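The chain contents come next:
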Amino acid sequence: MDIEDKRDISREYFSRERLAEHHFRSFNAFLGRGMQEVVDEKATIETDIGDKEGEEPVYVELGDVRVVTPRVREADGSEELLYPQEARLRNITYAAPVFMEMAIIKGGEEEEERVVDQTETKIGRMPIMVGSEKCNIAGFTDEELIDIGEDPADPGGYFIVNGSERVLMTSEDLAPNKILAETDTKYGDQIEVAKTFSQRRGYRALVLCERTRDGLLEVSFPSVSGSVNFVTLVRALGLESDEEIVHRVSDDPEIVKFMLENLEAAEVQTTEGAIESLGQRVASGQGKNYQLKRANYVIDRYLLPHLHEEGVDEEDVRINKAYYLCRMAEACFELALDRREADDKDHYANKRLKVSGDLMKDLFRTALNKLARDVKYQLERANMRNRQLSVSTVVRSDVLTERLEHPIATGNWVGGRSGVSQLVDRTDYMGVLSHLRRLRSPLSRSQPHFEARDLHATQWGRICPSETPEGPNCGLVKNFAQAMELSQNVADEQELKQELAQMGVEGIPGIESVEQQPADD
Amino acid sequence: MAATTQTCPECSGRLQADDCETVCAECGLVVEEHNIDPGPEWRSFADDETNPERTGAPLTRSRHDRGLSTEIGRSTRLKGRKRRRMARLRRQHKRTQIATKAERNRVYAFNEIDNVVTALSLPEDIQERACVLFESAQDEGLLQGRSLEGFAAAAVYATCRTATVSRTLPEVIGAARASREELDVAYDAMNRELGLPTGPIHPREYLARFASKLDLSQAVERRARELAERVREEGIDNGRNPSGVAAACLYTAAMEADCDLTQAEAADVADVTPVTLRSTYYDLTE
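Chains X and H are the protein sequences, given in the same order. Using my numbering, the letters of the first sequence map in sequence onto residues 49 to 569. Using my numbering, the letters of the second sequence map in sequence onto residues 69 to 354.
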């Protein structure tokens, strides 16, 4: 490739469409499928109506969600299309109405289930990214843009809330659903730990597998205080016999030796016994039946939630969880035996970027939950006062709108993060471009974190090696390289798995047609 | 305070206020400076756990306690027994906030007003005024034997009428949990006892809303506005439903501009029958 071609490519990367491309792609994916995914996760809103004698239960079914383009509602009640410049000048929010199919369904116990009311109703307003698919200026020519008072050179990629332009900062997180092995010290001794941030539908659970100084493996996960013996846990998950447990961890003779030590120290021998012993941990002092119920619930709910999948049996998921734990155990042992090195947290393969669409998805999820709670409350109240139940009177669209706009306006995101949205830096044109392509590490700037601030070799071609602020944020705030390409999550995991299988990837022997573990190297 | 007078004390010019000072736009006199900024602290530290806001929410009439309530917050740092104790305190505290049945009714009605106002996308001051109206109705003892939902809906309807941002009765009923009868009873009672300052509704109040619902151009809407003024002057709208008259004005204007609009469509947005629309249309075109 000669110098001319290189220049052409370089210029392409600097075109208006490319500069905020990552924001557009991410937000468009959120509008296109992310919102519907969140609604489908929720699926129904249950109510307490029907708990009393002689009352028929009521629930709400959520259907298709639809966003139109930004509109403004005037005081006289008329509704018109809104363009970004008008939103900026009038200090209003550039947001589009969101509609959702909702059906109130009554009955199910004595009577047949019947639909009381079903309509598509406005559930709130979604702030729209300037320049995205649902933006009113999408596809405009330069002349048309000038006609409506827009700057044709403006890259877009930000939101307008109450007249101020806000960018959502891309944040750099540790990759979820991956096994990271590292060494740690506990009571002065070196121990080996395998960590996984298991993430599914906005729920994040840290699972730790530790090899303590006496060589015993312990696992800790949310909802269980302290840690659980590894062998007990895999037995509870259905991996019962000694031989199978050892075989699943590794065939390496030295690791087998370590595993035998663990098995010797095992408290229980059977799956039933293991679940019982887990029950005593999670619900001590309760009745035995409740303990068992609680133990099963904890295993299915809080342990490695990312291994759950639509349409896969609870049984298969459990055995998958057991295999996954075995992989974590293997990582610990290998690290102890110096067969591998500790994983590098700063390696870019172990990082994932949360762009505006992902952030909006988190926001929409909590906003929808809040709306659901409100709908439940309104329904129960309407029912208590013997009112006719109708979709339009139980949905208060302010609830969702408020929850979506407020975090963007203030930067206080769900999950307690602050400074997620920032006022677009309009000092000069380059300032805007730089700001849209900035990314932030969630690490605290008041702590040293020397390794995290260092330039890492894997940032080559992705992150600009020189553009970073001086002072406390040095190395924590970074900027994308000019030719950076951001890949996106696949829309359909099932399809990806089939594709991988066709290319010759083999699943774990013993389980066919079920899922493949994510690669963890 | 000088800022509230709106004109310059020196030259009676127009005053212009920004974040920190009030200046006369004509002579440049600085009328007021160093205003107290009640907004949040502009600095934010990511690691700061304290709320940087310096003041609480403003007073509002749309809450039974005028927005002066104290709430017991939540903390994730509290664990076990202490956490349960805080939950109990919170519950007791919530119970003490509503002392009487009348207060409970007021809370319920204000909530209901909020629902209606939100559903109709009305501005916030309408909500405040509707709440004040409801309170005076309650103080007069009009609620006895009538429905709360009806009063809440009627308060919003009446406030809209007095603020000349009228909504039609079917529109309000569609957004409220009240039935037509409940609303009528409540509105009549308020009108009788409180002497609401409502005159006949001018058809132009409906024009903008109907025009945008029917997707009509600005020019058509402007022409319809002229027609509405003529209707009022000539007394054509005497004894007619103002929303029907508004629809007729829009229909007439649309016909003049050769727009594609049927009588049924126009009548539909106004919740009237095409017959109502037609009679005004004939009077207008004669």
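These are calculated hints, taken from the structure and not from any lab test. Check each hint, because a few of them may be wrong.
Computed cross-link-like contacts, EDC-like style, restricted to lysine to aspartate or glutamate with a CA-CA straight-line distance of at most 16 angstroms [said to hold, decoys possible]:
#: 1; chain 1: X; residue 1: K90; chain 2: X; residue 2: E104
#: 2; chain 1: X; residue 1: K341; chain 2: X; residue 2: E324
#: 3; chain 1: H; residue 1: K281; chain 2: X; residue 2: D124
#: 4; chain 1: X; residue 1: K243; chain 2: X; residue 2: E266
#: 5; chain 1: X; residue 1: K243; chain 2: X; residue 2: E389
#: 6; chain 1: H; residue 1: K281; chain 2: X; residue 2: E128
#: 7; chain 1: H; residue 1: K281; chain 2: X; residue 2: E127
#: 8; chain 1: X; residue 1: K424; chain 2: X; residue 2: D96
#: 9; chain 1: X; residue 1: K305; chain 2: X; residue 2: E389
#: 10; chain 1: X; residue 1: K336; chain 2: X; residue 2: E320
#: 11; chain 1: X; residue 1: K418; chain 2: X; residue 2: E89
#: 12; chain 1: H; residue 1: K281; chain 2: X; residue 2: E109
Which bits of chain H does chain X cover? Going by a derived footprint, with three or more residues having C-beta under 8 angstroms, they are [said to hold, decoys possible]:
#: 13; stretch: 179-192
#: 14; stretch: 239-245
#: 15; stretch: 276-286
Residues from chain X that keep clear of chain H, each with C-beta distances beyond 12 angstroms, as calculated [what the hints assert, rightly or not]:
#: 16; residue: V115
#: 17; residue: E122
#: 18; residue: E128
#: 19; residue: R162
#: 20; residue: K182
#: 21; residue: T318
#: 22; residue: D410
#: 23; residue: A430
#: 24; residue: R435
#: 25; residue: L437
#: 26; residue: T506
Remember, it's a predicted structure, so these values are computed and weren't measured experimentally. Don't be surprised by glycine CBs; every beta carbon is placed ideally from N, CA and C.
Status of the hints after comparison with the structure:
no., hint, result
1, X:K90 <-> X:E104, "violated (22 angstroms)"
2, X:K341 <-> X:E324, "holds (10 angstroms)"
3, H:K281 <-> X:D124, "holds (12 angstroms)"
4, X:K243 <-> X:E266, "holds (12 angstroms)"
5, X:K243 <-> X:E389, "holds (14 angstroms)"
6, H:K281 <-> X:E128, "holds (9 angstroms)"
7, H:K281 <-> X:E127, "holds (8 angstroms)"
8, X:K424 <-> X:D96, "holds (8 angstroms)"
9, X:K305 <-> X:E389, "violated (21 angstroms)"
10, X:K336 <-> X:E320, "holds (13 angstroms)"
11, X:K418 <-> X:E89, "holds (14 angstroms)"
12, H:K281 <-> X:E109, "violated (29 angstroms)"
13, 179-192, "holds (count 8)"
14, 239-245, "holds (count 4)"
15, 276-286, "holds (count 5)"
16, V115, "holds (17 angstroms)"
17, E122, "violated (7 angstroms)"
18, E128, "violated (6 angstroms)"
19, R162, "holds (21 angstroms)"
20, K182, "holds (19 angstroms)"
21, T318, "holds (34 angstroms)"
22, D410, "holds (18 angstroms)"
23, A430, "violated (6 angstroms)"
24, R435, "violated (5 angstroms)"
25, L437, "violated (10 angstroms)"
26, T506, "holds (26 angstroms)"
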